[in-house]
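K.L.:
Please take these sequences and the hints and turn them into a complete structure.
Counting from 1, one number per residue, gives the positions in the sequence shown under the numbering used here.
One should not assume that every hint holds.
[As the list claims (entries may be wrong)] With a straight-line cut-off of 35 Å between C-alpha atoms, the simulated DSBU-like cross-links for lysine-lysine are:
(1) Lys-142 x Lys-60
(2) Lys-204 x Lys-97
(3) Lys-215 x Lys-204
(4) Lys-198 x Lys-140
(5) Lys-209 x Lys-345
(6) Lys-606 x Lys-198
(7) Lys-606 x Lys-501
(8) Lys-606 x Lys-262
(9) Lys-501 x Lys-587
(10) Lys-142 x Lys-83
(11) Lys-209 x Lys-142
(12) Lys-252 x Lys-97
(13) Lys-587 x Lys-606
(14) Lys-539 x Lys-501
(15) Lys-97 x Lys-414
(16) Lys-142 x Lys-653
(17) Lys-262 x Lys-124
(18) Lys-653 x Lys-252
(19) Lys-60 x Lys-97
Treat the hints as calculated values from the structure; they're not laboratory data.
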Amino acid sequence: MTHSSASALDHIRRHLQSRGEVETFDSLATALAGAAAAPDRPDNDLILDHISPDADPDLKELMRQARDALRQEIQGTVLAPEKSAARLAALRNEMAKQGYDAFIIPLNDEFHGEAAPAASERLKWLTGFTGSAGLAAVLKDKAAIFVDGRYTLQVRQEVDTDLFTPRHVSEEPLSTWLTEEMSEGDVLAIDPWLHTEKGAANLKALAEKNGLVYKEADSNPIDAIWEDRPQEPLALVVPHEEQFSGESSAAKRERIAVLLEKGGQDASVHTLPDVTAWLLNVRGADLPSTPFALGFTILHKDSTVDLYMPPEKLSPDLAGHLGNAVRVQDRNAFADGLNALAGKKVQIDPDTTSQWIVSRLEQAGAVISRADDPCMLPKAAKNPVELDGTRGAHIRDGAAVAKFLHWLSVEAPKGGVDELTAEAQLRAFRGEGEHFRDTSFPTISGSGPNGAIVHYRATETSNRPLETGSLYLVDSGGQYLDGTTDITRTIAIGTPSAEMKERFTLVLKGHIALARALFPVGTTGSQLDTLARLPLWSKGLDYDHGTGHGVGSYLSVHEGPQRISKMPNSIALQPGMILSNEPGYYKTGEYGIRIENLVAVTAMPKTQSAERETLGFETLTFAPIDRTLIDLTLLDATEVAWMDTYHADVRAKISPLLSGEDLAWLEAATAPLQ
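P.N.:
Put into structure tokens, the structure is as follows:
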């Protein structure tokens with residue numbers, strides 16, 4: 001504990017002592033530590049009122065100060081790459097005690113969502129890596145960290161490569177490295193909570209193939225050496241009203257329960273936080289940028305639910321919202337809940353369910369059925385209320401982005417604007433919008449060479465000014481009660497080079513091709529991915545990330561099962577699905593380019609000549625695309641027409657929310673290209 005947090009807690013103790021309530025200090029301090037482990041979000045002050053509803057104004061202010069001091073302390077202790085050598089040595093000592101020759105550290109937590117709370121950021125704590133995908137493997141005398149193409153630059157900036165050898169997860173996979181570096185009889189260990197059944201099965205097969213001993217650890221060796229490990233987050237769980245969800249939780253539960261009964265299943269187990277949030281129409285604040293409350297869910301074929309989540313997190317009105325059909329129990333009762341499924345047919349998703357849960361069900365005598373989570377497709381296909389909500393959210397978001405782009409056009413040429421300043425200004429404009437709750441992910445605010453780092457995150461150390469003659473890439477989004485947004489714009493600061501304009505226009509051509517695509521029912525995103533890459537491919541160029549990811553409705557900005565990418569995907573696109581359209585180009589050490597709008601899959605009117613039902617995309621994002629970066633000689637008439645129509649739509653939809661100089665700037669920024 002730092003002097004700041006200790007002092008803040010001491011002030012609370014003395015305040016309680018003056019009121020004769022000092023006996024409540026220990027429980028309050030524990031609750032504040034949990035609140036501090038939750039991210040810094042505007043709605044996280046709600047938990048302070050919940051844990052101490054009778055606190056006077058002075059005590060509430062002291063609680064905020066203590067919570068903030070503890071949160072700052074957590075951030076400093078989790079991300080401390082300068083301590084990686086000592087932590088790695090301690091881990092190896094603990095591995096030796098437990099008899100492991102190798103231990104795998106994934107980024108996952110036990111819920112297997114995209115983000116994890118501070119208490120589960122073991123990969124970051126050990127290596128200093130802050131990306132959203134990766135894993136490390138530690139042997140007695142070697143260690144490696146595996147990342148995909150988005151992070152090949154970032155990993156070398158954040159991680160001590162003398163300690164951890166960076167490897168491309170698909171070109172230099174974990175399986176190859178373990179085969180090369182381990183010997184027959186060596187013990188390969190995992191934490192079964194942090195690996196899905198499918199992932200654990202792959203490692204077990206690898207061990208058997210190479211004569212290794214596969215071991216599921218009873219406890220994670222990192223937890224044994226992480227002395228200042230944060231608590232689990234404590235943030236308030238609230239109802240997500242039907243005016244935004246468009247369907248009651250009871251109706252959703254009944255709909256999924258019918259699927260279970262038809263499939264001969266008695267129950268299904270769900271770990272993904274977005275599934276629980278969608279199924280029960282609840283939202284929380286346990287994780288940064290995503291309105292999730294962490295807990296496990298068991299749905300029974302009679303549509304009742306067992307929810308395993310700390311009851312102290314639930315807001316007073318949540319009991320009435322959930323009703324008697326949802327039984328809330330603490331997380332430590334989850335094992336008993338799985339044991340109670342003995343002899344029953346239970347459906348799990350092997351891609352998202354931890355090996356620990358599968359082992360527990362097997363030990364209990366449950367009959368396990370493996371299939372895709374039955375909530376995923378219904379959640380992905382947004383209903384009319386959700387689609388109307390996201391349209392409104394995108395119009396408000398587009399107005400905020402337009403204000404930002406106007407501000408940038410005025411301030412950047414003066415000098416003095418840097419990545420962090422720009423990021424803060426964009427958030428401020430978003431904060432003015434109705435229903436705004438948070439950003440939908442940490443903003444990527446990359447100037448010049450930093451823009452070439454696909455998932456760059458500006459820090460005080462890396463922060464660069466927006467220099468004349470450079471490109472500025474800003475990828476950002478907002479969480480609104482009625483929708484989730486995600487938009488990328490690339491802006492020329494000053495006069496762009498001919499190469500910048502050429503590469504930008506090639507990316508734009510791919511973006512337009514995908515936006516205009518018409519395709520038969522049954523088409524997958526993988527089949528459409530080539531459309532966005534063809535203009536770049538024609539010049540021997542490409543990008544190392546997917547072209548499109550699914551997006552939730554006031555849920556995760558990265559949502560499955562739909563996606564548009566080179567990777568094979570068997571999920572056919574369906575009306576109501578929301579995806580991103582974001583081709584890009586990145587020149588290492590110089591600049592990055594990405595153009596991203598969100599689109600909704602929609603049924604197209606059937607023409608007389610059509611033999612099949614056809615789908616297309618409705619563009620949801622409305623903000624200007626930098627006209628100064630477009631090389632008109634590379635666009636054909638159809639592409640010019642698309643740009644002019646898009647900018648006319650931008651002007652029509654967001655101009656009512658702008659005035660004065662902002663409006664005048666928008667009219668110029670969306671003028672016809674020719």
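K.L.:
Each of the hints needs a verdict: does it hold here or not?
P.N.:
Here's how the hints hold up against the structure:
no.	hint	in the structure
1	Lys-142 x Lys-60	violated (49 Å)
2	Lys-204 x Lys-97	holds (22 Å)
3	Lys-215 x Lys-204	holds (9 Å)
4	Lys-198 x Lys-140	holds (26 Å)
5	Lys-209 x Lys-345	holds (32 Å)
6	Lys-606 x Lys-198	violated (41 Å)
7	Lys-606 x Lys-501	violated (38 Å)
8	Lys-606 x Lys-262	holds (33 Å)
9	Lys-501 x Lys-587	holds (13 Å)
10	Lys-142 x Lys-83	holds (17 Å)
11	Lys-209 x Lys-142	holds (21 Å)
12	Lys-252 x Lys-97	violated (48 Å)
13	Lys-587 x Lys-606	violated (43 Å)
14	Lys-539 x Lys-501	holds (14 Å)
15	Lys-97 x Lys-414	violated (60 Å)
16	Lys-142 x Lys-653	violated (56 Å)
17	Lys-262 x Lys-124	violated (43 Å)
18	Lys-653 x Lys-252	holds (33 Å)
19	Lys-60 x Lys-97	violated (45 Å)
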